[in-house]
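Q: Produce the entire structure from the sequences given, and follow the hints as far as they go.
2 protein chains.
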Amino acid sequence: MGENLIKRNERAAAGEGLPWEDVVASLPFNERGLLPAVAQQFDTREVLMMAWMNRESIEETLRTGRVCYWSRSRGKFWRKGESSGQVQNLKEMRLDCDGDTLLLMVDQTGPACHTGRRGCFYNVVKADRVVVDSEPLIDPDELYGK
Amino acid sequence: MGENLIKRNERAAAGEGLPWEDVVASLPFNERGLLPAVAQQFDTREVLMMAWMNRESIEETLRTGRVCYWSRSRGKFWRKGESSGQVQNLKEMRLDCDGDTLLLMVDQTGPACHTGRRGCFYNVVKADRVVVDSEPLIDPDELYGK
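Note that the protein sequences, when read in sequence, are chains C and W. Numbered by this note's numbering, the letters in the first sequence go through residues -18 to 127 in order. Numbered by this note's numbering, the letters in the second sequence go through residues -18 to 127 in order.
For the record, the hints were derived by calculation from the structure and aren't laboratory data. Treat the hints with care, since some could be wrong.
Pairs involving identical chains hold if they fit within one copy or between any two copies, as the list cannot separate such chains.
Unchecked claim - Below, computed lysine-lysine pairings styled on DSS-like, alpha-carbon distance capped at 30 Å:
#1 K57 to K72
#2 K107 to K(-12)
#3 K107 to K72
#4 K57 to K107
Because the structure is a prediction, the values reported are computed rather than measured.
A: Next up, the structure:
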């Protein structure tokens, strides 16, 4: 693997940058060609979910403005909302200091979680229990047309 | 691998839960025994960084209230702030719907990023560039006593 170019931004001043085409070609995708991507609601700043992206899904997301992940379990592109109708529109894409994680600032329609809850991080560790903090916005059976 | 118990919370009502000891023993750690953990500043809701935790680092973090990751590059525990002094105090630990990602609500002292910036996600994709959005709070040479 060649140089991970994004590290050149470590000592760059605010406003400075690098060509995206060069950066994306040098990102440290894992052995499956994937990077983890955290989706955050752009206005409320709620962390909605974490999923995975490959280079093609990153490029599609930037091109279309609709978030497309790579589904590891199904082994195919996962255009968020394609079965549930609950799409994620991209507001901004960010990368961390070593380019091994993406942060997607999104505008999420309805629930992001397959359980029908707004976000996936509804399990809170409280003392010796893991407690659910919220109810579904939409019944998951309705969400997936069962 | 046995049943991933946290999935039983999918259809639980708010306030219901499961015993933590049973859940943590059944979490779907990856082939290296790790789960990704997203750290979010509890009050401003800024996403600060993403790192990895194993079962022991999760349990230490809950016990001490100071965030301890597992460093994949160094192959050892990484008690955040041990060399920089910039610690993360845990406010709340959350798990997602399928228990394969942690969300740590933290109170971060100073910069979370090794570059001296507040958070690691300072690289913004803008048109055909990846642009740095912020300056370090502290010079990284000072942070690590070089």
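Q: Confirm or reject each hint.
A: Verification of the supplied hints:
Proximity of K57 and K72 under a CA criterion of 30 Å is satisfied intra-copy only: 24 Å inside one chain copy versus 37 Å between copies. When the C-alpha separation of K107 and K(-12) is checked against a cutoff of 30 Å, the pair qualifies only between copies, where the shortest distance is 17 Å, while the shortest distance within a copy is 38 Å. Taking CA atoms no more than 30 Å apart as the test, K107 paired with K72 passes between copies only; the shortest distance there is 11 Å, against 33 Å inside one copy. With identical chains, the CA atoms of K57 and K107 are at most 30 Å apart between copies only, with a shortest distance of 27 Å across copies and 36 Å within one.
Of the numbered hints stated above, none is contradicted by the structure.
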